[in-house]
Amino acid sequence: MSFEIIASNLLSGVLWGGILALIALGLSIVLGVMRLINLAHGEIMVAGAYCALVIGSLTGLDPLIALPLIAAIMVVVAVPLQQLLLAPLAGKGAEAPMMTTFAVSLILQNLFLVGFSADTRSIGQGYSTQPFSIGPISVPLIYVLGFVISVGIIGAVYLLVNRSAFGRDLRASALDPVAAASVGVNVRRVHALTFGLGAACAATGGVLVGIALSFTPTTGAAYLLTSFAIVVLGGMGSIFGTLVAGIVLGVIQSIGALVLGDGFRDLVGLVLFLAVLAVRPAGLFGRRT
Amino acid sequence: MMQENSLGRSMAHPLTGSVAPALIVAVFAAAFMTPGLLGNYEVEIAYRLMLYICLAEAWNLLAGYGGLVSLGSAAFVGVGAYAFTSALNAFGVPPIVGLLLAGLAGGVFAVLVSPAVFRMRGLYFTVGTLALGEALRLFMVNVPWFGGSRGLFLDADFPSREALFWWALGLLALSQFLITVYTRTRLSIILRSVRDDEDAAAQLGVRIYRVKLVAFVVASMLMGMGGGLQAYKLGAVEPYGMFGLPWSIDILSMVVIGGLGLRYGALVGAFFVITLAELLADYPEAHIVVTGLVLALVVRFAPRGVCGLVIDNWKRRRSETRGSEREVQP
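Protein chains in written order, with numbering that gives the first Met the number 0: chain A, 0 to 288; chain B, 0 to 329.
In short, the hints are calculated from the structure, not lab data.
Keep in mind that the hints are not guaranteed to be accurate.
Some but not every residue of chain B turned toward chain A, in silico, with C-beta under 7 Å [to be verified]: (1) 115; (2) 119; (3) 122; (4) 127; (5) 133; (6) 134; (7) 138; (8) 141; (9) 287.
Straight-line alpha carbon distances no greater than 20 Å define the calculated DMTMM-like cross-link-like pairs of lysine to aspartate or glutamate that follow [as the list claims (entries may be wrong)]: (10) A:91 - B:195; (11) A:91 - B:311; (12) A:91 - B:196; (13) A:91 - B:197; (14) B:232 - B:41; (15) B:232 - B:154.
For every residue, glycine included, the Cβ atom is placed at its ideal position computed from N, Cα and C.
One chain only, chain B, in its complex shape (with noise of 0.2 Å):
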């Protein structure tokens, strides 16, 4: 489904690649100074929308373009969000001090564990990753340390609303930032060749290892800080939510539903999932069920997610309009 999206082809529109995303940001920022405009409710949704996009974002350049399929989100998440706690209750640090701690752990975390996780290739690396991220999860319960499996509370006051909101926008900036820089450099291009052949890559003088591990620190320092923010914002982190599969499984199911490895995939695939989630909100169970039947139909009939089927459809039309101008014009 990977090698469908030619090389290069995201280098055609040098506007839109940097434009779009700092729109979405000012989208953003301008819905909420709008006085009026969002509700309480709205706040909350965007918050969530925010903090989903960047992960998605971290996991579509991992997958996307890395073709690093990871099941293990929920570890860089937790290691964050535990992080950003101790840093806060241990030292008395700003709330900024421990989300960058949150992002410095989740890159330094990758780091200790890619020299396992790497020598897993497909496949393998996702079982791999899940049982990374299953394994954390069953240690932080376990172990006395970091509270058990009771957690942390933590120690510094409760955020506000507004103050979350603008932490979450000031990591959704971040995010963008980090991605289009990413993705409008020879980065992608080499990590796009690594996805596409390891060997060949390798042959023509790639290091593969480095630039997988520079793509991976960059994804788990977002996942890092982000579950950073969540902490922040619940007050308290326990293994069983912060380590919980839940993560790794929203995140795949948003890019994979939005478009894998399309630089817009995470973002509108983070919409999709999160007002989903929203219409079924009172149907816990029945979310889950149609989240999961909307994956299995993207993988079978759209393999490059709701953005693969739009830039098809316009280049389909774009196609018929010049083919019928040619019939016309002899």
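Here chain A stands alone, though its shape is the one from the complex (with noise of 0.2 Å):
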């Protein structure tokens, strides 16, 4: 095996990592702020793929250049779905509201292969096959393009959550939703626009997943459980953990699929999931509680 494919290997783990990342920092942000496990979340970035791709052929969009939209969307999609279904259940244990999100992730995945059959779809664009070459290391442009928009992102996420008057609310609701009610936060509002940031990271992240990849109704199970890896490998509700994590997972999948075959990938993820669960639940960078 050449340095080159070994580099440029490492290179695309890095970069995908960081997509991974953003697709992660949805299901953080909600499992920090609502004590909610969505397992809906893989759907809900596989919502944003078929997103791009109608937005794609009504308007002839771009999909980069539609992810404002795309994110739009979302949160008008899901605050109400979340005031509809989750709000309700507030005060009820954590299993209900899991429960439901589990409801939410079959019918989902059943309306997308009504609407869309299941068939293996791309958002195909001129620059998602295009290299992107430094020396003699090469890796696919999207994979640059998503890492730096992925990257982006989760910046200004962190500027929300930490700079802003909404991250103020957001992070006392986390802390102690009782005590941050007495104080005038209006902790059902707080949870409402969580689930709809954290519904908007998980959809452009699934919108640069359908570029650079493939994607088919239940591609979001895979996804779903990368992100729990990244979540519990960052700590949860750590946005610097999440990032690390994210490329931490990328790169070793890329060695992973290199080293055992590209079926290992997904595989060698899981089974760094169980092994820092089993031993570190907090997480790596997540203190101790």
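The task is to assemble the complex, starting from two chains supplied on their own in separate frames and drawing on the hints.
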């Protein structure tokens, strides 16, 4: 195996990890703020990809240009969904909302199947197959674009959480919803918007996945688990940890695929996930509680 | 949703507790032995009902009584199926031994993974088991052992429809026996104490790990045997099907719809979901959408499932009649 191949693989692992981190960030925020395990996260991600597909075929808009529009659509759809299905379950334990998101994932998966058939889709663009070369090292250009966009969005979310008034409410609700509510934070509103933000992260990540690779109605499950692996690795609710863990997982997946074969890509991530859960449930960057 | 059924409630009816499960088994047997009552189609449905009741009972023990909500049932079904097939192919053992080995394999696998999955509490356990199931499926698809992604063919002769029915009935009887014993002894109270408050139970001297492990092993053995029986029926195993997520999804849906942690939740749920599946057999996508909708509605409006609804209604009616009697009396 030549140096170029190994270096190219490692670099594409790093870049791919950035995209994975964006998807995982949505899961992490929802988990950290709402204490909700969103089992429909993968389907929301796939919904973003289908959304880009439909917008592309209707308007001919480039999916990367359409990203803000897709994110906005996701927020508009996800917020009422949260208020209709999840908000009434507040205070009924952690399982009821999780089961509900599970039901939502079943419903979404089959709606995709009915609406778009089981065919493998890809949001083909001119640049999705174009290479990006630095000397002898070559990676797909879309990986570079995806990484830059993902890190940009992750940075924006970081600023939103740490520098804005909404972020202050969000952090307060995450720490102690009852105390936050008693000092005037509208926790219900924060939860609804957090769910919307999580959905927007997943959906934009889904568009990038759709351009770089391909997707089917059932693709979501694998990304849900990968996202969990990243969240657990990076520590729940830690934005910086999520980014680092995403990149680590991307690199490990690349190495796994290179050494063992492409089929092992997801398996390597899952085994790492189980190992970390078993050894250090608080994550590599999380504080032990 | 679980804290609602008070401890000891299921102990209140000493007779119904053990008579009803025996009755269920007897009803299946009687229906089958009545000539002309069940056609081929009905026998097929009855087989599926019995298999799923067994799996759902096992899952209800784990999730309903133990609070261990697993999304990894497929792993244990798959392990059982492969153990059954391998045992019959390699050693030519009779099916009964194969089924026992399938159960054993499920139990041993549960013991092996328990150190990892029991470190995760509550929702993390759910995600961990989901990852476990998917990891095992990907493993079986990608490694060259056990037939790889193409799976294994069973060398034994196909069992007749009648034989399969009796095997499934036996499995149903075994599951009813085990779960009845489990839920009617102090094992169940200890298990529920762990479910309701792990720390408090530990302080009272309950050995958390061991209590969880026993429930996990019993449930996994039943699931392994269920997988073994399904392998016997199909005559072949392959990783996509036997380790597929639909097993975990179906079992969870059945129990949650029927009534999580209620003695007849698994039974009612299995009837409900399989009937629904048959009614919508011509529209497979609609079937899953409808199951999802029912699941969401049940979680929202009937947290204790169909059984919970019936029990609550019955209680309310009884208290209403009592209330009116009291008004008349003075």
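Going down the list of hints, with the structure as the test:
1. 115: 4 Å, holds
2. 119: 6 Å, holds
3. 122: 5 Å, holds
4. 127: 5 Å, holds
5. 133: 6 Å, holds
6. 134: At about 4 Å, which falls below the 7 Å cut-off, the nearest Cβ of chain A leaves the hint on residue 134 (chain B) intact, so it holds.
7. 138: 6 Å, holds
8. 141: 4 Å, holds
9. 287: 5 Å, holds
10. A:91 - B:195: Holds, at about 14 Å.
11. A:91 - B:311: Between residue 91 (chain A) and residue 311 (chain B) the Cα gap is close to 18 Å, so the pair holds against 20 Å.
12. A:91 - B:196: Given that 20 Å is the threshold and the Cα spacing comes to 16 Å, the pair holds.
13. A:91 - B:197: 18 Å, holds
14. B:232 - B:41: Holds - the C-alpha atoms of residue 41 (chain B) and residue 232 (chain B) are around 16 Å apart, at most 20 Å.
15. B:232 - B:154: Measuring from Cα to Cα gives roughly 12 Å; hence the hint holds.
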